[in-house]
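The listed protein sequences derive, respectively, from chains A and B.
With this note's numbering, letter number 246 in the first sequence gets 246, and the count goes up by one each step, no holes.
One rule links them: number in this note's numbering = place in the second sequence (from 1) + 270.
Hints in this document: simulated from the structure, not taken from any laboratory.
Pairs of lysine to any residue residues, derived as SDA-like cross-links and limited to a Cα-Cα distance of at most 20 Å, are as follows: (1) A/LYS75 - B/ILE571; (2) B/LYS440 - A/LEU72; (3) B/LYS440 - A/ARG66; (4) A/LYS215 - A/GLU256; (5) A/LYS165 - B/ARG281; (6) A/LYS165 - B/GLN302; (7) B/LYS375 - B/ASP321; (8) A/LYS165 - B/PRO298; (9) B/LYS274 - B/LYS524; (10) A/LYS75 - B/GLU572; (11) A/LYS75 - B/SER439; (12) A/LYS75 - B/GLY438; (13) A/LYS215 - A/SER260; (14) A/LYS75 - B/ASP566; (15) A/LYS165 - B/ALA280; (16) A/LYS144 - A/THR95; (17) B/LYS274 - B/THR595; (18) A/LYS215 - A/VAL63; (19) A/LYS75 - B/GLY541; (20) B/LYS440 - A/ALA73; (21) B/LYS440 - A/VAL63; (22) B/LYS375 - B/LEU311; (23) A/LYS239 - A/HIS38; (24) A/LYS215 - B/THR455; (25) A/LYS144 - A/THR204; (26) A/LYS251 - A/ASN29; (27) A/LYS198 - A/ALA168; (28) A/LYS251 - A/SER238; (29) A/LYS198 - A/SER159; (30) A/LYS75 - B/ASP565; (31) A/LYS75 - B/SER437; (32) A/LYS215 - A/ASP191; (33) B/LYS489 - B/HIS336; (34) A/LYS165 - A/GLU137; (35) A/LYS165 - B/GLN301; (36) A/LYS215 - A/GLY186; (37) B/LYS440 - A/GLU69; (38) B/LYS440 - A/PRO62.
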Amino acid sequence: MSRLANTFETLSQSGRKALIPFITAGDPNPDFTVPMMHAMVEAGVDVIELGVPFSDPMADGPVIQRASERALAHKMSLRRTLEVAMEFRRTNQHTPVVLMGYLNPIEAMGYEEFANAAARADIDGVLTVDLPPEEGENCAALLKARDIDPIFLLAPNSSADRIQKMDAIGSGYLYYVSLKGVTGAGHLNTDDVETKLKEIRANTSLPIGIGFGVKDAETAKTLASLGDGVVVGSALISKIEANLDDLGQAKQAIFELLTSMRQAMDERSI
Amino acid sequence: MTEKYTMPDARGHFGPYGGMFVAETLIPPIQQLNAAYQQYLDDPDFVAELDRDMQYYVGRPSPLYHAERWSRELGGAQIYLKREDLNHTGSHKINNTIGQALLAKRMGKTRIIAETGAGQHGVATATVAARLGLECVVYMGAVDVARQSLNVYRMKLLGATVVAVESGSKTLKDALNEALRDWVTNVDNTFYIIGTVAGPHPYPAMVRDFQSIIGREAKQQCLDATGRLPDALVACVGGGSNAIGLFYPFIDDKSVAMYGVEAAGDGIETGRHSAPLAAGRPGVLHGNRTYLMADDDGEIIETHSISAGLDYPGVGPEHSWLKDTGRANYVSITDNEALDGFYALTRMEGIIPALESSHAMAYAMKLAPTMSQDEIMIINLSGRGDKDMQTMARREGIEL
Chain A
1 MSRLANTFET LSQSGRKALI PFITAGDPNP DFTVPMMHAM VEAGVDVIEL GVPFSDPMAD
61 GPVIQRASER ALAHKMSLRR TLEVAMEFRR TNQHTPVVLM GYLNPIEAMG YEEFANAAAR
121 ADIDGVLTVD LPPEEGENCA ALLKARDIDP IFLLAPNSSA DRIQKMDAIG SGYLYYVSLK
181 GVTGAGHLNT DDVETKLKEI RANTSLPIGI GFGVKDAETA KTLASLGDGV VVGSALISKI
241 EANLDDLGQA KQAIFELLTS MRQAMDERSI
Chain B
271 MTEKYTMPDA RGHFGPYGGM FVAETLIPPI QQLNAAYQQY LDDPDFVAEL DRDMQYYVGR
331 PSPLYHAERW SRELGGAQIY LKREDLNHTG SHKINNTIGQ ALLAKRMGKT RIIAETGAGQ
391 HGVATATVAA RLGLECVVYM GAVDVARQSL NVYRMKLLGA TVVAVESGSK TLKDALNEAL
451 RDWVTNVDNT FYIIGTVAGP HPYPAMVRDF QSIIGREAKQ QCLDATGRLP DALVACVGGG
511 SNAIGLFYPF IDDKSVAMYG VEAAGDGIET GRHSAPLAAG RPGVLHGNRT YLMADDDGEI
571 IETHSISAGL DYPGVGPEHS WLKDTGRANY VSITDNEALD GFYALTRMEG IIPALESSHA
631 MAYAMKLAPT MSQDEIMIIN LSGRGDKDMQ TMARREGIEL
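Let the hints inform the model, and build the full structure from the sequences given.
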């Protein structure tokens, strides 16, 4: 069983939901990332999505785009992101790490070389924002052959047959983009999410992580009651951005936000 | 070989290029767009409305003008100019925006968005939006807003909202990123009019089809004027919509050579250019696989050209295919050479070309003398130079 499947299985047995933070590798500098990943694990997260910086992050809002820009200013790259993941893995063998980014860095490296490098870095999942299943079968097969889960996005306007397509080609979990928009947008409607989740559940048995627009413990708690995991990204990166002159403070603020989310998600709801 | 050219395939692939590389939220609207486009492509009412607009609103057909004095001066091929500069709004861009706006109307969309580099596509979009009473938002890199202020004013006059994009390199690629973000947020009521033959399928094929009126007219006009097909076609290539528009109807006419002219900026060897076909590598950006200017890590490199309309790190996927198959030749022209082309056409023929089109003129000045006087070259004069008066005056030390 893959590390991701195992994580969701264990959580499910104890009636808990996955807390999945997203940070961009190398933001605001390459030394920040690995200690931050360990601190997030201490705060109680279950899976880490590690953003691969890209010059043109079309599906992301301004907060994550600026994170990419800060990381790229330090020459962060896909190769160096894999090194970051490898370093994290040296002292943590249980927390799944999912790479999240755009296709062009993978194209530049070559699909097969990338799949091999990701396997060497003990990466658990790969989510490529601009690689829908229509174009992604080859890449997904290369990853699966190395026990890496290809993770796909679902959107509010994804039809039943598309959900089935993701179910067939994806593994690990599916990432439900809870709103039409970019990351960090502010108009999340939980009733809509609840309705859509019913349709998604009817078409896949994969765990569902819900992301985009998760700002605080309360939203995390609500979404946790609907999905199997909650992804939080822009809200964390905002803490980095607000504390660029005091990164110890940034780390502490992220730790506290994740701790509050963990607690809220673990409270038994009625 | 008599095999007919049929690219792209049903999924929008030109060989390894093209395709539909977008985030999941954009898949449904792109599929809807493709369905609508396939439906109306051959719909008699739609075609009739488009033809009427092309004739009475755009002013088509645009003339094919024999530049006799310039041909004599260069001492080689007979040069004919396809006068897209005479279209309403001053460039070939309106051929496409009319087509897409009519499609938007039939699809019931009430809001139009667009990206623009030089501002020509933005003006052409704002123009059709004004005429159809549609809300219009144009994204433009902050650098381009500064160097094309005349077009910014035109768009505002036409009722469009112009958003200056401050992210990344603040040019065309960043405007495209921002327009995609708007689209993903407002997919229900918004139609995204992409200005070039790039983006996810069906845009490269759809924009080509709307622009290919250029080549269809030119072919007939050349036959009428000279009794035969041209020997060479020359057009500038940024995203490549005016070039594909001219080339496409000639692809199966193997005797017709095609030259796409990229912007070499300060020179290919300096790295400061916008010539992905000459010096780039295949990759994926803005929804399609194509030649790109990217570094070894796959990060997109900042581009440079004197002309905002060619300042883009990618190129339409069909051009990548035509390059690899050898059907078209891709060459490049530096900023300084383009200026020579600009002045030559202005002084020789009394026609002031856009800086984008000046790249095609400059290459023609190299190519024409190598051809014989009974050979025929058609250059796509894709736009007029009015928008570049400030840039040119500033270079000459004059403040307007």
